[in-house]
Amino acid sequence: MIRVLGLTKKFNEITAVNEASFEVRDGEVLGFLGPNAAGKTTTMRVITGFLAPTKGTVKVGELDVREDSLKIRKKIGYLPESVPLYDDMKVYEYLKFIAEVRGVSASKIKERIKEMIDVCGLSKVIRQQIGELSKGYRQRVGLGQAMIHDPEILVLDEPTSGLDPNQIVEIRSLIKRLGEKKTVILSTHILSEVQATCSRVVIINEGKIVASGTTEELTKQAEGKERVYVEVKGAGDSFESVVANLSGVNKVSAKGGSASGGNIVNNIASWEIETDSDIRETLFNLAVENGWKILEMRREQASLEDVFRNLTT
Amino acid sequence: MDNEKTQTIPTIPAIRTLRHSNIKPIYKRELGAYFNSPIAYIFIGVFLVVGNWLFFQNFFLSNQASMRMYFGILPWIFLFLTPAITMRVWAEEKQSGTEELLLTLPVRDADVVMAKFLASLTFLAISLGLTLSIPISVASLGSMDLGPVIGGYIGAILLGGAYLALGLFISSLTKNQIVAFILGLAACFLVFIIGADFVTNSMPGWLGVIFSFFGISSHFYNIARGVLDSRDVIYYLTFIGFFLWLNVKAVESRNWR
Numbered sequence: 000m001i002r003v004l005g006l007t008k009k010f011n012e013i014t015a016v017n018e019a020s021f022e023v024r025d026g027e028v029l030g031f032l033g034p035n036a037a038g039k040t041t042t043m044r045v046i047t048g049f050l051a052p053t054k055g056t057v058k059v060g061e062l063d064v065r066e067d068s069l070k071i072r073k074k075i076g077y078l079p080e081s082v083p084l085y086d087d088m089k090v091y092e093y094l095k096f097i098a099e100v101r102g103v104s105a106s107k108i109k110e111r112i113k114e115m116i117d118v119c120g121l122s123k124v125i126r127q128q129i130g131e132l133s134k135g136y137r138q139r140v141g142l143g144q145a146m147i148h149d150p151e152i153l154v155l156d157e158p159t160s161g162l163d164p165n166q167i168v169e170i171r172s173l174i175k176r177l178g179e180k181k182t183v184i185l186s187t188h189i190l191s192e193v194q195a196t197c198s199r200v201v202i203i204n205e206g207k208i209v210a211s212g213t214t215e216e217l218t219k220q221a222e223g224k225e226r227v228y229v230e231v232k233g234a235g236d237s238f239e240s241v242v243a244n245l246s247g248v249n250k251v252s253a254k255g256g257s258a259s260g261g262n263i264v265n266n267i268a269s270w271e272i273e274t275d276s277d278i279r280e281t282l283f284n285l286a287v288e289n290g291w292k293i294l295e296m297r298r299e300q301a302s303l304e305d306v307f308r309n310l311t312t
Numbered sequence: 000m001d002n003e004k005t006q007t008i009p010t011i012p013a014i015r016t017l018r019h020s021n022i023k024p025i026y027k028r029e030l031g032a033y034f035n036s037p038i039a040y041i042f043i044g045v046f047l048v049v050g051n052w053l054f055f056q057n058f059f060l061s062n063q064a065s066m067r068m069y070f071g072i073l074p075w076i077f078l079f080l081t082p083a084i085t086m087r088v089w090a091e092e093k094q095s096g097t098e099e100l101l102l103t104l105p106v107r108d109a110d111v112v113m114a115k116f117l118a119s120l121t122f123l124a125i126s127l128g129l130t131l132s133i134p135i136s137v138a139s140l141g142s143m144d145l146g147p148v149i150g151g152y153i154g155a156i157l158l159g160g161a162y163l164a165l166g167l168f169i170s171s172l173t174k175n176q177i178v179a180f181i182l183g184l185a186a187c188f189l190v191f192i193i194g195a196d197f198v199t200n201s202m203p204g205w206l207g208v209i210f211s212f213f214g215i216s217s218h219f220y221n222i223a224r225g226v227l228d229s230r231d232v233i234y235y236l237t238f239i240g241f242f243l244w245l246n247v248k249a250v251e252s253r254n255w256r
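Heads up: the sequence lines are chains A and B, in that order. For reference, each letter of the first sequence is one residue, going 0 to 312 in numbering that gives the first Met the number 0. For reference, each letter of the second sequence is one residue, going 0 to 256 in numbering that gives the first Met the number 0.
I should point out that these hints are in silico values taken from the structure, not numbers from a laboratory. Just so it is clear, CB atoms sit at the ideal spot from N, CA and C, and this is done for glycine as well. Careful: at least some of the hints might be erroneous.
To be verified - Covered stretches of chain B (chain A as the covering partner; in silico rule of three or more C-beta atoms under 8 angstroms from a C-beta of chain A): (1) 27-35; (2) 90-98; (3) 102-109.
To be verified - Across the chosen pairs, the derived CB separations fall in these ranges: (4) A:A105 / B:F55: 45 to 51 angstroms; (5) B:G31 / A:E205: 40 to 46 angstroms; (6) A:E304 / B:N254: 32 to 38 angstroms; (7) B:I177 / A:S191: 42 to 48 angstroms.
This is chain B alone, in the form it adopts within the complex (with noise of 0.2 angstroms):
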């Protein structure tokens, strides 16, 4: 991959609500319902278990310290996991109708929706923080490069945001939490199928770059490679932006139903 020049990312105003005050307690809320309910603390435990124990299965085999094996198997984890995040995040407000109560807040619904995206991904990051255990532990067998594995921290931090943004938005179509993790997750293999090597390599090659540059997953593998490219980051900030776009107006559609 040849590095580009890093250009500076322009700020969307998405980012310009975080230091809306208000969007703070709905921030603070949102992440604390995670860890109200018994699912956070599934989540979490199966992430774990599964990611280590696919991980270190191959390890030892391979005898080489390094992270790359288990970045390769992330966005496979991250598919199953991360509607399991989202899926709840508006169904269950529009089930239990606490919609009505949160959007008559003195708050716009582009900073609810902002709210529950940054909670969503912080809790994203708190699991992944707890999986930090694996790099110290690979680093102190072998002599490690740090480039992939912080730029596999760095890759999964945006794919995962990405699948969050679209897992978000499809949760806020249905007021079924099972409809919405089904098709959350028939949502994220789509962009993820797209861009695999494997369906990229069966086409004829222009098609394959197209493909490969729509797909979710070539982007984190470069990323995951240690290659911080601003092409990769901004498609994975458009696909969140865009996605947060659509969420706000599939909100705002309770005006149309």
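One chain only, chain A, in its complex shape (with noise of 0.2 angstroms):
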């Protein structure tokens, strides 16, 4: 259990990290959301023990990251966020070298390297110059190192950042499947990356905490509105003011025509409708009344992305 306690970190006069406190369970899979400069880095840098906190602690178990540092150091892996590896070790030398550091047993280290090399995807690479690698690989060597000592707990800053779309799916999956066995907290601002992968979320905003839960409980949050997006063929400007009359609509506003910017084309126009009830059917009859077509309908349901929105903007 990892528990942040009321932390703070200032450079100077700007305060990075105000006030921040949220747990992580243990074998939980903990989405650390928040725009860019929010805070993010700054808090997994203390956790990891690269940065004390001005004022406020973290505490992983029983240990504290003041008094403890170097024992929780061995607790944990770190994949910061650019990935910053030594170019001119070879793939092997390095996961060595960090397998040596971190005290793995001499006995050990080749099992271990192994395991990562079929674990990260690492056997062709293996004998290359870091320096040579692709950014996938070099994310893959990067996870490597981080996991190379069996840590309980993972701490993943943004790790899918410039990965292809084919490697973001590859590394998900894995985060994943590691997320089983051990504790993981991983940053990002990709929101589906969150939902593939995280059991619960904790969103940062200018260095405070605004919200933490599951996926789901910060969803509920963000309902009560419901909202119904329609495209509808053959109505004009006046579908806007009918719907708007209907009873439990509170807005109607134009999301612009299905092909191009403008509002209406070829008299096709798409609006969206907050409500508080479902009015599916009635929009469908009052379209019959008068003759439009209704090309699309759906029902949105607040998503993730939402809350995120409300929260930090």
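Each of the two chains sits in its own frame; use the hints to bring them together as a complex.
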């Protein structure tokens, strides 16, 4: 269990993290979500012992980063955002070096490296120099070095940034698999990533924790509002005034024409309707009465994206 | 120079960390990093060629089987070459961000500083080891007094160690290797020049004594004369210790920036 307790980190006058408190339970994948420069990396750097807290502390089990930083570091595997590796070393050499500093016993080093080669798919590049690797392979070597000592906790700072879509899917499924056995903290600003991999989410904005919970819990917060997206042909501008008068409709807004940027092209327009209740049936009847043709209609549920946008803007 | 009774050198905490097992892999990787890049080979090549050429140019004229002249020019050669050894050590880690991974490994900052210092010192010792051909050839030409030669090499390691500690500290202040080199060169030159004869001679006596004490070269020439005075050794160890300590502080300063 990792507990971040009233963590504040200041650099001169700038407060990067402000009184942040949250928990990471054993064996869960926690998504650490926030816009750029929200304090994600700084928080992770404090957890991993790179930076010391200005105020507050982080506890890993019974250990406190202020006193037992070295003991905590042993339990953690860390992949920083930019994947900084020694370019002049070969992949094998590098993994061996990290394993040695991490105190993996000499008899086990070979076995651990072999496992990392399997888990991270490094067999093709194991004899290559790190400087020659593609971004995807660098990321995998970075993950390999983070896991070489079989840590209880993995701290991954934007592990999929800069990867191509195939690699992203691969790394995500790897993280998900790892999350079955380990505690993982994963920072990102990509929301689909959180939905794909994380069991719980903490949202940070301007150094403050603004929400935390499972993805379901968070999306529930944004519910109550329901939205219907509809694309109609033949209604013209009268659609807005007619629909706005229906009971339960809060707001009707134009979403732009289907093909171009204008609202109405070929007399087709799309609208977003905010309502208190499900009005799809009413809307359908209305269209029939007026001779409009509904080309598309769907109910939009509140997503993590809405929660995120509400909380961080 | 009067010989004081040899004092026992107090064990500085840094030396105790040598036995720490996890600084060994860092030391090994740092030493390997020198040889992974062409800089090491260029460095050793230039060091040997320049040193040998400057020495043997005048050696046969002087008609003496002695290495005094070699050790006379060694501080000047070190002045340019030790900043070249140290410039990348921290600057490169900062530039590429590898510092973040290195300093989140389960090692103390002081251990990393020590490992890097020892690796650079080993590299310098290897370069110096390759100059042993000089005393061997000189000894074959005439009877040579071994005392100054042994003293010279001990002094060279101490002087080199002091320059390296200073250079490492400067490298830890910047991301830019070129800046680290130039500032390192300037700093080494400063500590060298304040103790140089032509500076101290032009000063009133008491001031000259102070300057020559703080200057780095007078201690070297004492040792290179074959007089191993504990004061000179303590001067170098204190100098090295002080700048390694500053280096640790500079590494810790990531917390306030």
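Each hint tested on the structure:
With a threshold of 8 angstroms between beta carbons, the proposed coverage of the stretch 27-35 of chain B by chain A holds, since 5 of its residues qualify and at least three are required. Using a Cβ-Cβ cut-off of 8 angstroms, 4 residues of the stretch 90-98 of chain B lie near chain A, which meets the minimum of three, so the contact claim holds. For the stretch 102-109 of chain B, the assignment as covered by chain A holds, since 6 residues bring a beta-carbon within under 8 angstroms of that chain's beta-carbons and 3 suffice. For A105 of chain A and F55 of chain B, the hinted distance range of 45 to 51 angstroms is satisfied, since their beta carbons lie about 47 angstroms from each other.
Distance hint check for G31 of chain B and E205 of chain A: the Cβ-Cβ separation is about 43 angstroms, which falls inside the suggested range of 40 to 46 angstroms. At about 35 angstroms, the beta-carbon gap between E304 of chain A and N254 of chain B stays in the expected band of 32 to 38 angstroms. At about 43 angstroms, the CB distance of I177 of chain B to S191 of chain A agrees with the hint of 42 to 48 angstroms.
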